[in-house]
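Asker: First to last, the protein sequences are chains X and A. According to our numbering, the first sequence is numbered sequentially starting from 1. According to our numbering, the second sequence is numbered sequentially starting from 1.
Simulated from the structure, these hints should not be mistaken for lab results. Where a beta carbon is used, it is the ideal one built from N, C-alpha and C, also for glycine. There's no promise every hint is true.
[As the list claims (entries may be wrong)] The calculated lysine to any residue pairs, modelled on SDA-like cross-linking and capped at a C-alpha distance of 20 Å, are: (1) X/K72 to A/L187; (2) X/K72 to A/E3; (3) X/K72 to X/R109.
[As the list claims (entries may be wrong)] Covered stretches of chain X (in silico footprint by chain A; criterion: 3 or more residues with CB under 8 Å from a CB of chain A, positions within the stretch not fixed): (4) 57–63; (5) 83–90; (6) 155–169.
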Amino acid sequence: MLEVAGLTTRYGAISALRQATLRVGSGEVVGLIGPNGAGKTTLLASIAGLLSPSEGTVTFEGADITGQPPEKLLRAGLALVPEHRRIFVDLTVEENLKIGGVTVTPADRAQLLEEMQELFPVLRARFGEAAGHLSGGEAQQLAIARALMSKPRLLMMDEPSLGLAPVLVDVVFKLIESLRASGRTLLVVEQNATRMLEVADRAYVLRSGEVVGEGTASELAERADLFDTFIGSRE
Amino acid sequence: MIELAQNIIDGFGRGSIYALLALGVAVIFGVMHLLNFAHGELITVSGYVTFWAISAGWSWYIMVPLIIFTAVATSLLIEFVAFSRVRGAGDFTLLLTSFGVHFVVSAIFLLYVSASVKTFNRPGWVTNTYSVGSLNVEVFDTVVIGVTALALLGTTLLLQRTMFGLALRAAAADFDTARLMGVRSNLVIRGAFALSGFLAGIAGVFWLMRAGSTTPTAGIDPMLKGVLAALIGGLGSLRGAVLGGFTLGLAEVLLRSRLPDSVAGLTEGVVFVLIAVLFIFRPQGLLTVAHAERV
Chain X
1 MLEVAGLTTR YGAISALRQA TLRVGSGEVV GLIGPNGAGK TTLLASIAGL LSPSEGTVTF
61 EGADITGQPP EKLLRAGLAL VPEHRRIFVD LTVEENLKIG GVTVTPADRA QLLEEMQELF
121 PVLRARFGEA AGHLSGGEAQ QLAIARALMS KPRLLMMDEP SLGLAPVLVD VVFKLIESLR
181 ASGRTLLVVE QNATRMLEVA DRAYVLRSGE VVGEGTASEL AERADLFDTF IGSRE
Chain A
1 MIELAQNIID GFGRGSIYAL LALGVAVIFG VMHLLNFAHG ELITVSGYVT FWAISAGWSW
61 YIMVPLIIFT AVATSLLIEF VAFSRVRGAG DFTLLLTSFG VHFVVSAIFL LYVSASVKTF
121 NRPGWVTNTY SVGSLNVEVF DTVVIGVTAL ALLGTTLLLQ RTMFGLALRA AAADFDTARL
181 MGVRSNLVIR GAFALSGFLA GIAGVFWLMR AGSTTPTAGI DPMLKGVLAA LIGGLGSLRG
241 AVLGGFTLGL AEVLLRSRLP DSVAGLTEGV VFVLIAVLFI FRPQGLLTVA HAERV
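Make the full structure from the sequences, and use the hints.
Answerer: Laid out in structure tokens, this is it:
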């Protein structure tokens, strides 16, 4: 479904991402793990059109989408839940969801609004409230629901558990599991490598802007060098 | 007491025009983080269109939609010719571009039309008044306040009840995230310039009706009023812009009537001093803006 080949992205003279290559198949949940500054967010932002890569290609469902603007990629079926959620705090929960569905027909939007309230009951309870009043866990659910409003075929999430209390981290990972069970394709950046590998089919390990490892949870578990050197969070 | 009531009506009349101008400034600032010093040029261009059309015998009934159309078209043209070329550049570049547009438009009329004042007939009813008890109310102020109320209501409905309005508010809060949601940046920016031009067009109708003349630099005063009112209200806040417009209008009228005749000419200077004092105590303006920064 998604093929990234030799992607390099620079901030001025500094290469934040170097020759990154990865693949996500339809229906897969793929994790991107690695320490702070590894280039995980840069990789997602480069795929999602927020950053322009200087080298390499991104192919989605056979079409070259390298460097396309985010609004075009969303219409192609590729949605991103950004780091820190970035919900619109002055808009209501309903308005946040509606803006997530700006690309679908009004009839689809109305149906998706109902579906999202079924999937995320906490949002139904706070439908008319300003999104700025939501707790961190509720806001994360809103950010995911908002991205799902566009009916994406590939959903990318950037650090969905970042800054959340442990009990809310559980909620987020259960949500990823339920999205996986519903057959959705996910590419998830996560610092919590142990938890990510529990829910992912495969994962890529990044270090200093390079992909240094790839495999299933059990395969990566064999790579003590990766965990001990780059992740350091195996329990 | 009667004089105060009279001043308040006059202030609301004047403030209505400022509110429309400030709202246009705030809409652009919200989406692009651009303090548009070229906003007054919409009235400069409309002023010359009015001069030529009235000179050709056109009536004010035709001028009203023509001025609004001219302001919208000019706003979109300025976006296309100037601002779209520097989109994504830093705030300072955008600011300099807006100054450049202001000077270029003025220079075009100065070089290719004339430096002299061009006058045109105003509608007869502009100077008419009617009495309410002891109050002497201008028909013009009544019309301005009524039309502004309708324009603000229409703008509110547009922003609150339509997907375009929702996209505009989302883009004003966080432009990049709005794009991630599928909001088309071109559509929302051009929509913002069209809305800003529409509001400036309505303000321009009243500004030109009252002035009855135009010059190559006629846009400076409305630009300053619009920018100042937006700053007073809290840059980036649409409600603040409207509040700032009415505050500025009332302050001007009240000061002009209260200051001794010998210093009445300093009214605008005193208004600037009061604004400076306001910014010492409330640097963010009258209303606090949650997201003044475009990201």
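Asker: Hint by hint, note whether the structure agrees.
Answerer: Against the structure, the hints come out as follows:
Our distance criterion of 20 Å between C-alpha atoms is met by X/K72 and A/L187, whose separation comes to about 13 Å. With a CA separation close to 59 Å, the supplied pair X/K72 and A/E3 exceeds the 20 Å bound. Between X/K72 and X/R109, the direct Cα distance comes to roughly 19 Å. Compliance with the 20 Å bound is thereby established for this hinted pair. Under a criterion of three residues with beta carbons nearer than 8 Å to beta carbons of chain A, the stated coverage of the segment 57–63 of chain X fails, only 0 such residues being counted.
Using a Cβ-Cβ cut-off of 8 Å, 4 residues of the segment 83–90 of chain X lie near chain A, which meets the minimum of three, so the contact claim holds. Check on the segment 155–169 of chain X: 0 of its residues sit with their Cβ under 8 Å from a Cβ of chain A, so the three-residue criterion for coverage is violated.
The structure fails to meet hints 2, 4 and 6 from the earlier list, while all remaining hints are met.
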